[in-house]
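Chains F and G, in that order, are what the protein sequence lines are.
Take any residue in the first sequence, note its place counting from 1, add 193, and you have its number in our numbering.
Take any residue in the second sequence, note its place counting from 1, add 8, and you have its number in our numbering.
These aren't lab readings, by the way, just hints derived from the structure by calculation.
Treat the hints loosely; a few may be bogus.
Covered, in the sense of this in silico footprint (three residues per stretch, anywhere, with C-beta under 8 angstroms from a C-beta of chain G), are these stretches of chain F [stated by the list, open to error]:
| hint | stretch |
| --- | --- |
| 1 | 230-237 |
| 2 | 274-280 |
Quick list of in silico lysine to any residue cross-link-like pairs, SDA-like style, CA-CA up to 25 angstroms [unchecked claim]:
| hint | chain 1 | residue 1 | chain 2 | residue 2 |
| --- | --- | --- | --- | --- |
| 3 | G | 50 | F | 263 |
| 4 | G | 50 | F | 264 |
| 5 | G | 50 | F | 256 |
| 6 | G | 50 | G | 68 |
| 7 | G | 75 | G | 50 |
| 8 | G | 64 | F | 302 |
| 9 | G | 50 | F | 246 |
| 10 | G | 117 | F | 271 |
| 11 | G | 50 | F | 302 |
| 12 | F | 204 | F | 221 |
All C-beta atoms in this analysis are idealised placements derived from N, C-alpha and C, irrespective of residue type, glycine included.
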Amino acid sequence: GAGVSQSPRYKVAKRGQDVALRCDPISGHVSLFWYQQALGQGPEFLTYFQNEAQLDKSGLPSDRFFAERPEGSVSTLKIQRTQQEDSAVYLCASSFEGTGEAFFGQGTRLTVV
Amino acid sequence: QKEVEQNSGPLSVPEGAIASLNCTYSDRVSQSFFWYRQYSGKSPELIMSIYSNGDKEDGRFTAQLNKASQYVSLLIRDSQPSDSATYLCAVVFTGGGNKLTFGTGTQLKVEL
Numbered sequence: 194g195a196g197v198s199q200s201p202r203y204k205v206a207k208r209g210q211d212v213a214l215r216c217d218p219i220s221g222h223v224s225l226f227w228y229q230q231a232l233g234q235g236p237e238f239l240t241y242f243q244n245e246a247q248l249d250k251s252g253l254p255s256d257r258f259f260a261e262r263p264e265g266s267v268s269t270l271k272i273q274r275t276q277q278e279d280s281a282v283y284l285c286a287s288s289f290e291g292t293g294e295a296f297f298g299q300g301t302r303l304t305v306v
Numbered sequence: 009q010k011e012v013e014q015n016s017g018p019l020s021v022p023e024g025a026i027a028s029l030n031c032t033y034s035d036r037v038s039q040s041f042f043w044y045r046q047y048s049g050k051s052p053e054l055i056m057s058i059y060s061n062g063d064k065e066d067g068r069f070t071a072q073l074n075k076a077s078q079y080v081s082l083l084i085r086d087s088q089p090s091d092s093a094t095y096l097c098a099v100v101f102t103g104g105g106n107k108l109t110f111g112t113g114t115q116l117k118v119e120l
């Protein structure tokens with residue numbers, strides 16, 4: 194597709210459940226980012242990939258959060274044992290190497306009940 | 009102190025007026041600056057990027073950067089109701105990879 198695609202768009206998880214969020218970046222974009230956005234706030238950085246290499250995971254809030262991009266294209270953000278504070282919109286963005294001009298997907302709204 | 013600061017608003021302007029959105033950032037070496045527009049329930053959309061001091065114009069939008077004052081602004085001329093959205097300022101700091109550090113956003117309302 195022409196843009197960044199994320200799935201699912203909405204996810205309701207029971208507390209303690211594991212979830213997996215998928216991101217399919219723009220073709221040819223080397224860089225891929227995950228952000229978390231709480232209501233009324235700007236997106237907060239979670240992690241960054243350059244191709245398949247995870248170069249920065251400093252924003253992941255706990256060891257329950259894990260991200261991968263095994264073939265340098267599609268990425269998955271996994272959250273284990275979800276907690277209510279994990280409820281947020283998870284945004285994926287991609288960009289050409291060497292530029293901060295990132296293009297965002299539609300996001301996944303995660304609600305933990 | 010947050011690294012990127014914006015007034016949360018709402019900023020209300022009448023249709024046809026100039027909307028001025030402001031952003032300040034912390035004293036870190038920074039390399040690039042971006043404005044994103046986010047409609048309610050939608051994802052951020054890149055509208056402007058600026059890399060050096062001065063003004064950059066694109067249609068009705070002008071971005072202004074003053075690194076000495078650690079200040080970046082966005083002017084929207086001839087504001088339209090369709091411009092009503094939250095405007096996010098984002099900075100790429102040197103040494104931080106290409107990750108964006110966002111402000112909390114300014115809500116703009118253009119009134120008929």
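To test your reading of the hints: which numbers does this structure violate? 2, 3, 4, 5, 7, 8, 9, 10 and 12
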